[in-house]
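Colleague: Sequence:
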Amino acid sequence: MQRPGVPRAGILDGVSRWLAVWGAIWLAGSVGAFLVLDPILASFIAIFGLCLWGVAVLASNWDQHSSFEQRERDRARRRAERRERTKDARARDRARWEAHQQRKADRSAGR
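Counted from 1, the sequence shown has number 34 at position 34 by UniProt numbering; the numbering is strictly sequential.
To be clear, the hints were calculated from the coordinates, so they are not data collected in a lab.
It is possible that some hints are incorrect.
Computed Cβ-Cβ distance ranges for the label pairs, DEER-style [as the list claims (entries may be wrong)]: (1) Arg17 with Arg73: 28 to 36 Å; (2) Arg73 with Val21: 31 to 39 Å; (3) Arg75 with Phe34: 43 to 51 Å; (4) Arg77 with Ala28: 46 to 54 Å; (5) Arg17 with Glu72: 31 to 39 Å; (6) Ala91 with Ala20: 52 to 60 Å; (7) Arg85 with Val31: 54 to 62 Å; (8) Ser66 with Trp18: 20 to 28 Å; (9) Asp74 with Ala109: 47 to 55 Å.
In this text the structure is predicted, and so the values were computed from the model without any measurement.
Even for Gly, the Cβ is constructed at its ideal location relative to N, Cα and C.
Whenever a hint applies, use it, and build me the whole structure from the sequences.
Modeller: Set out below in structure tokens:
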């Protein structure tokens, strides 16, 4: 069990205990299959079991991700921060663009 305030570290961080137990059972079963069965059949059993265990590991935290709304709020916050940081450059660009448009209008009006 995780103690509060203590960061977790390690290769199995985020993998539940029952998945680690099933991984150990798969490993023992695969070794046993290679000792008892034909190597080709044992390979099939080992690969199939590994695939099932891998899918279970990937699906174990499926519901622990952030929601779409939370990700959109985070993106909107980052966009607002970026717009705030670059507001001076955008103001300069807008002034240059307006000056360019004015010069274009003056040229076309003069012809």
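Colleague: Just tell me: holds or violated, for the beta carbon distance of Arg17 and Glu72 against 31 to 39 Å?
Modeller: holds (34 Å)
Colleague: With 31 to 39 Å as the target window, see if Arg73 and Val21 comply at their CB atoms.
Modeller: Since Arg73 and Val21 have Cβ atoms about 38 Å apart, the given range 31 to 39 Å holds.
Colleague: Can you tell me whether the CB distance of Ala91 to Ala20 sits inside 52 to 60 Å?
Modeller: Holds, since Ala91 and Ala20 (Cβ atoms, about 57 Å apart) stay within the stated range.
Colleague: Do Ser66 and Trp18 keep their Cβ atoms within the hinted range of 20 to 28 Å?
Modeller: Cβ of Ser66 to Cβ of Trp18: about 25 Å, so the range 20 to 28 Å holds.
Colleague: Is the gap between the beta carbons of Arg77 and Ala28 within 46 to 54 Å?
Modeller: Distance hint for Arg77, Ala28 holds at roughly 49 Å.
Colleague: Given the range 47 to 55 Å, decide if the beta-carbon distance of Asp74 to Ala109 lies inside it.
Modeller: holds (48 Å)
Colleague: Taking the CB of Arg85 and the CB of Val31, does the distance hold inside 54 to 62 Å?
Modeller: holds (57 Å)
Colleague: Can you let me know if the beta-carbon spacing of Arg17 and Arg73 is within 28 to 36 Å?
Modeller: holds (33 Å)
Colleague: Go ahead and decide if the range 43 to 51 Å is satisfied by the Cβ distance of Arg75 to Phe34.
Modeller: holds (49 Å)
When the structure is compared with the earlier hints, no violation turns up for any of them.
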